[in-house]
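Once you've looked at the hints, dock chain B against the given chain A.
These are the residues of each chain, in order.
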Amino acid sequence: MKDELLKKLSACVEFGKTNKAALYPPQMKGEDGADEITSQLLDVGVGAQEILTEGLMPGMEKVGIKFRENKIFVPQVLMSAKAMGMSMVHLKPFFTSGAAKQKGTFIIGTVQGDLHDIGKNLVAMMVEGSGYKVIDLGTDCLAEKYIAAIKENPGAAVGLSALLTTTMVNMEQITKDIKAVFPETLVTIGGAPVNDDFCLKIGADNYSADPQGVVDFLNTKIA
Amino acid sequence: MKVEFTYQYEELVIDMDRLRKGLGYSEEPIPELFIDYLEKVKEDCRELNDICGAFYICQDLQFAANKRSFFAGGTEFKVGRTIAQKLRKADKMAFFVCTAGKTISEKASSLLKGEDPVLGYVYDIMGSAIAEAVADEVQHHIEQQMLPLGAKVTNRYSPGYCHWNVSDQHKLFSLFDENPCGVSLTESALMNPVKSVSGVIGIGRNVEFQDYQCSLCAMKDCVYRSDE
Numbered sequence: 001m002k003d004e005l006l007k008k009l010s011a012c013v014e015f016g017k018t019n020k021a022a023l024y025p026p027q028m029k030g031e032d033g034a035d036e037i038t039s040q041l042l043d044v045g046v047g048a049q050e051i052l053t054e055g056l057m058p059g060m061e062k063v064g065i066k067f068r069e070n071k072i073f074v075p076q077v078l079m080s081a082k083a084m085g086m087s088m089v090h091l092k093p094f095f096t097s098g099a100a101k102q103k104g105t106f107i108i109g110t111v112q113g114d115l116h117d118i119g120k121n122l123v124a125m126m127v128e129g130s131g132y133k134v135i136d137l138g139t140d141c142l143a144e145k146y147i148a149a150i151k152e153n154p155g156a157a158v159g160l161s162a163l164l165t166t167t168m169v170n171m172e173q174i175t176k177d178i179k180a181v182f183p184e185t186l187v188t189i190g191g192a193p194v195n196d197d198f199c200l201k202i203g204a205d206n207y208s209a210d211p212q213g214v215v216d217f218l219n220t221k222i223a
Numbered sequence: 001m002k003v004e005f006t007y008q009y010e011e012l013v014i015d016m017d018r019l020r021k022g023l024g025y026s027e028e029p030i031p032e033l034f035i036d037y038l039e040k041v042k043e044d045c046r047e048l049n050d051i052c053g054a055f056y057i058c059q060d061l062q063f064a065a066n067k068r069s070f071f072a073g074g075t076e077f078k079v080g081r082t083i084a085q086k087l088r089k090a091d092k093m094a095f096f097v098c099t100a101g102k103t104i105s106e107k108a109s110s111l112l113k114g115e116d117p118v119l120g121y122v123y124d125i126m127g128s129a130i131a132e133a134v135a136d137e138v139q140h141h142i143e144q145q146m147l148p149l150g151a152k153v154t155n156r157y158s159p160g161y162c163h164w165n166v167s168d169q170h171k172l173f174s175l176f177d178e179n180p181c182g183v184s185l186t187e188s189a190l191m192n193p194v195k196s197v198s199g200v201i202g203i204g205r206n207v208e209f210q211d212y213q214c215s216l217c218a219m220k221d222c223v224y225r226s227d228e
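Same order as they appear, the protein sequences are chains A and B.
For what it's worth, full-length UniProt numbering labels the leading residue of the first sequence as 1, then goes sequentially.
For what it's worth, full-length UniProt numbering labels the leading residue of the second sequence as 1, then goes sequentially.
Because the hints were derived from the structure by calculation, they are not lab data.
Quick list of the computed label-pair ranges, beta carbon to beta carbon:
1. PRO93/A with PHE5/B: 48 to 54 angstroms
2. THR6/B with GLY138/A: 26 to 32 angstroms
3. GLU4/B with LYS20/A: 48 to 54 angstroms
4. GLU50/A with LYS113/B: 28 to 34 angstroms
5. GLU47/B with ASP177/A: 41 to 47 angstroms
6. VAL13/B with LYS20/A: 37 to 43 angstroms
Heads up, the beta-carbon is just placed ideally off N, CA and C, and yes, glycines get one too.
So here's chain A without its partners, still in its complex pose (with noise of 0.2 angstroms):
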């Protein structure tokens, strides 16, 4: 039974089932969403480790695919973030006792002089599901609100997106006063104009063009 709804989980989260009243996806309505799985997992004793690492985790994981192979977008990762959500609210509690733990800490924010923050969001929201704990700053975030940030959570690897071509310079700015103060923090940044040469120049540790990739870094040098 734990290993079917566990998989019906995943199932959830891949395909964006929130609860059983949504009626979205057509080819899983009147069937429980995540919401009621959740909660059915918990009452049969599954952990919340248990449940994030083999409900959600596997769940995200193909959505991360999915979008990065465009047969999935943005609306649908959306919908599967829900999902996730309505589970993790269920998970919160037991990652917040200390009862559960996750991978560790990812700290994003989209960079100052830059509004934009879609991008940003399916990154926090693609990692949260893939069991890290999220810290999101927001948009227009100057290095001391990511500097204030790593103090309180040290060990956190830091996330830096853009947008605008014109603020790829304050996250070449950013990153340099991040290692001036904590060399050890890696940092991966994103967005529409940045590329690997790019982020060699501005001793980043990390380029990804899509949000899985972020989860495949913070998994080989964090998790």
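Relative to chain A, chain B alone:
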């Protein structure tokens, strides 16, 4: 000359292909739920009453010798080599500020952060489409106004793109009265409401409008990018 117009959603030509592309479904069919969301958003947009476009035509124009900037009304706009080259034959410049308004910008933002991110995303994409549609209207208005004078217009260029530093927004806004169309700037030169666009259009007998501009831009994943 400073001009400000308000618009109703119905008056605007929303590029539905661009909207579909913005949602991600340029070729694939949009799932039924998202079609319902789109219809709901379109219906809601009929109630918007803060869609606005403003422009100011400046005739006091000089191009800098460095080929990277120009002076309008004595203010230097450091647009970068690419944009300066596209504008260099202009006799006048039209600066514009257009917005889909506070209502849709705040609705998109609050839904994205909270109860329904998918619906928020549809509002977000629609807000961008409305702001661009207003800019299309403003550009068309200027074009029609210039036609009898034998002048043409260039494409629109905005701070933040093609290496034109977003900090020049402060200079651009200083050409208008305070908060044109209700749009204000943050300290780091970002517009509030978020669903707003600003920029410049060159005007002159010898300027050209070019259909394909994407090769100028480094944003390879932009939803507006054309593959031509």
